[in-house]
Each structure stands twice: as structure tokens, then as C-alpha cells.
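Listed here are the chains, written in short residue letters.
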Amino acid sequence: MVWMFIAAAGATGASIVVPLVVQRVVDGPVRHRQPGGLLLLGALALLLGLVEALLIFIRRWTQSTTSLQMEYAIRNDLYAHLQRLPMSFHDRWQSGQLLSRVTTDLGVIRRFLSFGLIFLVVNLGTYIVVVLLLLRLYWPLGLVVALSSVPLFLASRKFTRYYLTISRLQQDQLGDLATLVEESAQGIRVIKSFGRRRHMGGLFHAGARLVHDTGVAKARLLARSWAEFDAVPNVTLAIVLVGGAYAVASGGMTVGGLVAFVSLQLMLIWPIDSLGWIIANGQEAMTAADRIYEVFDVQPSIVDGPDRLVARQAEGRLRFDAVSFTYPGADVPVLRHIDLEVEPGETLAIVGVTGSGKTSLVSLVPRLYDVTSGRITIDGRDVRSLRLDSLREIVGVAFEEPTLFSMSVRENLTLGRPDATDEEIAEALSVAQAEFVYELPWGLDTRVGEQGLSLSGGQRQRLALARAVIGKPRVLVLDDPLSALDVHTEALVEEALARVLRDTTALIVVHRPSTVALADRVALLRDGVIAAVGTHSELMATVPEYRAVLSAEAETSRVDA
Amino acid sequence: MSIDVEAWRGRAADEDAERTAAEGGSAVRLRAGSRALLGSLVRPHRRVLIVVVFLLLMQSGAEMAGPYLVMLGIDKGLPPLSAHPRHAGVMIDIGIAFAVSVVAAYCGKRGFIALSGKIGQAILLDLRNRVYRHFQRLSVGFHERYTSGRVISRLTSDMDSISELLDGGIEDLVLSALSVVSVAVILLVLDTPMALVSLVAFPFLLWLSRWFQQNSARAYRRTREAVALVIVHFVESTGGIRAVQVFRREPRNQEIFEAVNDEYRRANLRAFQLISLFSPGIKVIGNVTIAAVLTYGGYRVLHHHTEIGVLAAFLLYLRKFFEPMQDLSQFYNSLQSATAALEKLSGVLDEPPAVPEPATPRALPARAARGEIEFDEVSFGYRADRLVLPTFDLRIPAGQTLAVVGATGAGKTTIAKLVSRFYDPTGGKIRLDGVDLRDLPDEDLRSAVVMVTQENFLFSGTVADNIRFGRPGASDDEVVAAARAIGADGFIRALPEGYETDVRKRGGRLSAGQRQLVAFARAFLADPAVLILDEATSSLDVPSERLVQHALRTILASRTAIVIAHRLSTVEIADRVLVLDGGRIVEDGSPSVLIEGQGRYARLHRQWQDSLV
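In order, the protein sequences belong to chains A and B. Read in this note's numbering, the first sequence has 499 at position 499, and its numbers run on one by one without any break. Read in this note's numbering, the second sequence has 354 at position 354, and its numbers run on one by one without any break.
If you are wondering where the hints come from, they were derived from the structure by calculation, not from laboratory data. In this text, all values refer to a predicted model and were calculated from it rather than measured experimentally. A hint or two may mislead.
Now the in silico label distances, taken between C-beta atoms and shown as ranges [stated by the list, open to error]:
no., chain 1, residue 1, chain 2, residue 2, range
1, A, Asp382, B, Ala494, 28 to 36 Å
2, A, Lys472, B, Glu255, 22 to 30 Å
3, B, Arg395, A, Val529, 28 to 36 Å
4, A, Ala43, B, Pro203, 18 to 26 Å
5, A, Tyr293, B, Ile50, 44 to 52 Å
6, A, Gly345, B, Gly599, 35 to 43 Å
7, A, Pro328, B, Gly498, 14 to 22 Å
8, A, His488, B, Ala36, 31 to 39 Å
9, A, Pro328, B, Ser590, 35 to 43 Å
Short derived list, chain A residues pointing at chain B, Cβ under 7 Å [to be verified]:
no., residue
10, Leu68
11, His90
12, Glu183
13, Gln186
14, Arg197
15, Leu222
16, Val262
17, Pro344
18, Thr359
19, Arg392
20, Glu400
21, Phe405
Backbone N, C-alpha and C define an ideal beta-carbon position, used for all residues, glycine too.
Produce the complete structure using the sequences and hints provided.
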């Protein structure tokens, strides 16, 4: 960074000296008719010119390396930070807004670091040096030039203030637009299915229109301010020319002096002119930095505890101890006073109607969210006291909606266990009845499409199940993992799963009577409260509500069949 | 650090899977495509552009006048003034001329920036809309291979680089080019021999520019690709953050992200290094020329071939000649980056929709569709070498509820996708009320056929917004009525803000079952003649499913329906059941008849009944 400034300053210095050489040429050899001196000065100008170019090269070369390195490092940090932030953050933030920070905003900062900042410093330096030289050449006119910085200062202050507001507005609008783009790319099937192309096109147009309007307002602001920046040195030049002529006439300065004065002064045009875009650039970079810091400033609320449970030695006793949970920002608790105990090796099914809090309950175990009060323990240790990687190694999870990434099947299966062997993968695949992957064109190396969309719903769900059971975690949390399977496959999976569950502690959210058979005990969840716990047959016999939730299907079908 | 991209991304069916067809072609074609696009974007603004050019000429002319007036001042204004302080007439004239030029420059610059900014923004708006609309027109098949990250990358990052150019680049680009040309002319007029000496620099400049242009075009193309990969990975991993965290994927993700990020850095570095050679290169040529002119010009003044004022002006102009070259190189950067982005965008716009709108649309015979569907010797495969449906014939009379069952891979979902025209058949025809789907205007088809899948994508916005997606003009009462008909009214009212509850990103606020109910209400509100349910009830709990089941009886009564379900409870309300195996119909009949028989459906049904406790 320091070298960059030195090189930049040197280059500018060299270019400042050239007009002085010109003055010498005009006043010296030309006037006194000395061809020899002319050649010498010409050579000097050449040398200075070459030095200037060399220094520019050095500055640019180092600058691109450092600024890109900086952009690269910040982007990595931002990504790492985002991965650490809990679900509650990601629920709240639109991904388009995050994306625009990682791409657009970082680009803006990089541009400022590689051009704006350097030129700001160098141009300021140039300005001061040139003004000093001008004062020395002929002070009355030098003073005029120096005073011209007052209107410049006023104009730039006004410009800065307005520009900050407008660039923040535009960057936010672009973030919103990115969100809309993301949703319409990911929801393309729904949009197509309903024929809402025009509707979405209208929404997009409205968003793009906002960006457009802000852009036009920005252009108007730029037009006014930049024209002002431009006018100041031109007016000064006119004054200098007329005043200079009088000075020469009255013998205050030589003709060569005037020529040098004017050409030196012309060197100020670029620094002043560029002031406009440097300020704009700087403001945008500040806005961008603000937006990025908004993310960096969010402290991860779910962090490592001090302890580590050795996966092999964990027994897997899972306990919910007076657990209540309210989603961040909501007023009504989703879960209230949950007391549950799952013995090592036991399988507990969670049953309840849509919206009763089943998914929330199981999300607490791997600490996707933290309990609002009470505690969850594994082998007597509060999950919050464990290191996250240790906890999540012990707990394997499969969600109802399988998230797959556009990566190879193997990578999708071994998400968190890159060291899984082929045997372990094969075993997990057989439990989930997902051997179909071997028939894909390149077997485990085949790329599954984004969100696994080239696979059917059932296939995706089986992959997600295989992912959960790989490496035999001590505690399994399965959220309605078989919903998309056909009856035949479901029976096969259940059979295989039963073997796995024999010595694994498991919490399974269940909608179907068939899956309940996997469980040793069942807990009925109603409006965030445990309404009943017992074996399936006990609950069937004694709890009418349970019967209604689980066996209605059988009733209807019997009636209708 | 670098990791093997192939290793983690896996292998795709087609190496060009993530490219548009145009990108697979030659660079020449790419450039031609982007030029044509540029032309069509600029054309509507032709008239205003004339004004812009005029303002630009005014500004650059006024600025150009500066050194000329300085020369006049020294050569013509100064001698009389030195002779007598009263002989100031010429000098005053020059002063006035200067004042006029300053005003002209101010007005020119202000008008130019405001107006060109307006045009630039209009072009951007146009381009954004065009690309967005075209993405929406492209088939589902295209989106599946192109990935949403790439779509986003085109509409954000690529637009950014074009916007960057329009924001500041164009002006300097045009202005600099203009001043280079006009300075050259002025120099020739001022002193031809000296001008010829300085014009020797020209071929060198041309050569250097060509070298830069060719190399940087390649470098910037690479940056566009690299940033797309960064975006794809970023979007997917933040979208799937739940799985990422639960499976401790963070370290590996970080590794991958740093690798794609590093590739982006390298690609940028290459482009920047090119310019850090180009820019001082220009400077060298410029400074050598100035030194040469200084020496030669001094020599000419020495021998009275020219005036001192001319030499002074000459040197000033030479600065004006080479300085914009510097700017030019600065903004050449933006230009190249924008060009690469424009190439990508024109590639997207040139991608023909695999499922195009008909050139000569045919209306449905009746005003609204009745809903009769016919598969006429239809064959289909996602890839040419593997047919999912070999010669498929089926007629679904209007109003019939058809259930399709069969094992995974039997082709059930394919049938649904073909009827909703996500894909077109490879051979044969699918007709709705006797009209080939390919001849139906998109609008008519979509209002006639709606599909509900287990995917249940919700958009950010309120619950009501999401239901209203089925029919954007629907009143609040209609929205509520739709929810009530499906049995979703109860849970929606129980939400903190009822129908106005924000569902958050991708419906994250709701449970999977709730999302499915909302998706049902959305489809019900759309009121199509043909409703396709593809595993649409899989994540409902039993009571909700029972509600939906009841609702379906009334909902499906008045329309044609194709129901795909693993749960036979949904199948039972069908008039007719189709059992598929390997893309062929193996059983076809009413459920009660099939259950009585000994076929697959009877077996499935027994198995299912056993599973119910």
C-alpha cells in the first residue's frame, strides 16, 4: 500500500516537472539560441517521461494485486460469517440482499481501493504541490488559483451529502431486485404452472423501474455537481490568462513564465474534474461498507460451548427439560414446557396436526434454534455446553424437504463427513433404499441438478435419509422422512430403518400410521404442548384425539371403499 | 490453494449444460450477437442521441478552445498590451471568448451527463426487462440445467458491469475519442511538420490497443464465468443453510467457496495486469512524443519556422491528446467488462425457448376449455437416448378424475409435466379440447391447466399474496373463500397476522403441511379446467389430508383432474385409475373394478390397507 502511494506520488511528481522543463526550453535555449541545451533538456523530458511510465506501471501492478487480495479475503470472511449465523438470521434476511453484498458491494469497495483512494490522495497532493509552485511562479495569480478551492469545497460538500443518500437507496433497491430474481428463478415451475409470466414480469418491471428512477435522479445530481467541478478551473484559467497578460505587459512575469503557469495550471483540471467521481466512488464504497458491516455486526447467537462429547462414547440419552421456544421476533411461543425423555436406543415418535410445533421441536436438538427457556440435554449435558461440531456429529438429521445441492451424489451424501468410506456410503444407501444412484450415468460422481430437481421427490427424500444415517450417529432426528415414498418403497425403507433404530436414539416426526410402527413410544403434540405420551396401542385405546390424528385415514377409506 | 472442481461438482450429462447455445459457438458469433443486441437497445434513443452528441460537441469544443485562446492571448493579445497598457482590445475579446466557452462547457457537460444518464438508465431498464422476460419464457428444462445461480448472476453481476460503464464510462470514452481526433486535426492545422512528428505515435498506439483489446476480451469473459460460479455456490449454500449447519458442512463449503472465489480473483487479476501494462505503455508513447516535439519544436522556433506561442499551444494540445488516452485505458476496462457481460446476456436472449409460444396460435373451440385431454402416440425422453414414454396413447374425457399410480420412474410425473407443457413431446401430439398444446397461446394454456406439486414454492410476501398468485385480480373475499374450501382457513387465521402474515423467505414461517395447504388454495383460486396434482398431499397430516380429501370431491367434480399419489387415499376419489410401468399403461379401469381383480393395483391396495395400522 505504501509503495503504491510512493509510486503514484513519484509518477505525478515526474509529470509536474515536465512543464518546468518546457519553461526552461522556451526561456533558455530558444531565446538564447543554444541548440545544445535544447537537446539536453529534450533528453531530460524523455527521461522524466519514462520514469513516470515506469512508476505508473509499478503502482497499477501492485494495486491490482493488493485490492483483489483484499476483496478476496473480505468475501471469504463474509461467507464464513454467514455460515456461522443461525437460522433465525437466515429466516429474516432475503438472500438477494446477502448476495448483492457479496458481489456488488464488494466490487464497489475494490474499485474505490484500487482507483478512488489512490487518486484522492495523489490528486490532493498534486493540487497542493501545483498551487505552491504557482504561488512561487507569480504569487498574485497563484493566490487566485488557491482561492478557487473554496467554491470547490462547498460544491463537493453538498454533493457528498446528497450522493450518500441516493447511492444507499439504489444499492438497497438493487438488493431487492436480486431477491425477486432469485425467487423467480427458483420458483420457475410455479410461475409457469400458473402462467404468471406477465405478472412476475410486471413485478420485476416495477422493481427495475425504481432502480431506473433512482439512477436518473443520480445522473441529474452528477450532472449538476460535475459541471460545477469542471467550471471552476476553467473560470480560473480565464482569469489567469487575462491577468497574466497584464502581468507580462507590466513586466511582472516573462512570457515563458506565463506559458509554464498556464500549463501547470492545466494540470489541475484532471484532479479537480476527477474529484466528482472520486467522491461518488468513495460514497458508494462507504455505503457498501456499511451494508457489509450490517452483516458482520450480527453476532452469531448460536455458538460453540466449551465441551466435546466423544461420538463413540456417547450413550445418546436425550432429554427435554421444561423446554419452551418462541421464534425470534414472534410473540407467541411455539412450544411450551416440553418434558420428554428418550432412553438410549429408544425411538420416540412425535405426532400432531399441521402447525402443532413438531418441526420446531426437532430443530432444537441440533441447535438450529436455541430454546427460549428450559434445556435440552444429551447424556445429561446441556446441548449449549457442547461444541457445535461435536453436537452435530452425534445428531443426524433428515428433513421432510430434502435439500440437495448441484454437486455430485457423493458430495451430497457425505456433506459433513468427507471421510466416509465407500462401504459406509453403500450401507447408508441400502438403509434408505437409494441404490438407484448407482444406476445414474456416472454413479456416485453424477451431478444431481440444483435442489436435486432431476430426481423425483421420493428419490430426493431417500438421498436425504441416507445422508442422515451415514456414519451411524448416536441420535437420529427424522422429520417425516418417508412422506414422498410410495407404499412399496416405504415398507422396504422401514424394514431397513428398523435395524438402524434398534441401537440408535431417535426422534421421528410422523404423519402416517405405518411409520409409527418404528417407534417404541409416541408423544402427541397439541399447540406446542405434550398432550400425551405412551405406546401406540395405549394411546389408540385411551386418547381419542390421537386416534383422530392418526387413524382417520383408515376410517375414511373404510367408509368409502 | 486449488481444489478439483470436477471432483465436487460431479459430472453432468453434457459439458455445455450450463451454457446457452450461443456461448457454445465461436467468439465471432458471440461478438456479432452482442453487437446486434447493443444496436437494438440504442435504436429507440436515436433522436435523443443526436442531442447528446450535440451537447458533447459543445462541451468538448468549449474545452478544446482553452489552449487555443491561451495561444491567441500570448501571440496576439500580449504584444499590443506590452506595447501600450491601453491596447487591451484584443485581450478583452479573448477574455470574453473564454467566458463564453466556460458557460458553454458548463451547460454542455451538465446537459450531457443528465441526458446520457437518462438514456443509459432507460437502456438498462430495457435490458433488464428483456433478459428477465426471456428467462421466464425459457423452458423448465433450460432452468434445470442452467441453475438459478446463473440466472441471478446474469441479472445482477452482469448488469452491474454494464451499469458501471453507463454510469461514467461512456462519457469519457466518447469524449476522449473525440478529443483525440479533434486534437489531431488542430495539430495539423497549427504546424504540419511538428504534427507529423507527433503523429508517428499513432501506429504504436493502434498496435498497443489491439493487443490489449484482444487479450482483455478473453480475460473478462473468464471473469464473467468465474463470478457466476461464486454466485451459484453462494446462492445454493445460503439457500440450504439448514442442511449446511446440521451436517457440519461449513469447513468443506468454505474450502469450495474459497476456491471459486480464488478463481474469480485470478481472472480479475489477469484482466487488471493487462491494463497495468497497457496504461503505462500509452504513457511511454505519449511522453516520448512530447519529448520529441519539444526538441524538434524548439529547433523550429530557433530557426524561426514557427512562433513560441505555437510551440506552447502544441505542447498543451499534446497533453490533451495523451491524457484522454489514459482515461480511455481506464474506461476501456469497464468497456471490456461490460462487453463480456453483454455477450453473456445476448447468449441468453438468443437461446431459443425449447417450449416456444406458437407462431400462429389457435384458440380453443369453446371460449373456455372443457378439459378433454388426448395423448396421441406421444413419445418422450429427457435425453434423446433414453425414452421415458415410448408411444403413449391416452384419452381423458372432460370432467374425469384420473389417478396415475406406479413405481418411481414409471413416468407418472412426466405425464404431468407434459400436460402442463413444461416439456414438449419428442414425438406425437397432446391435445386439449382437440387443439395441439403447441398451438395454444401460453395464456390460454396456463389458465386452463394448473399443476400442484409437492414442491410448494411460496414467494416472499403475505399468505394472502401467495394465494392470490393463483388469480392476481382476486378480491380478499375470494382469497378467503379459496382457503376455506381447502380447509386452510383455520390455521391461517391462527397465524399472528392472519392472512397478512409474512411467510418469510420461501415460506419458512410455515410448516411443510401448511405450505402445501396454501399451495392448494392457490391452485383452487386459479380455477383451471384441468388440475394436476403431483404428490400434492404427501406432507399433510391425516386430519388435513382428510379435509383436503373432502374438498377435492367438490373441487374436482367440475373439472378434469390428473392425480398422482403414493397414498391411495387420494386415488380412491378417482373415476379411473391408470397403472404405469416403464412408461406403459399396464392397467386401466375404475378403482372398484381394479381392486376386485388380481392385478398390480389390487396388490398395491392391499399393501396400503395393511399399512394403515
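Hints not upheld, ascending by number: 3, 8, 9, 17
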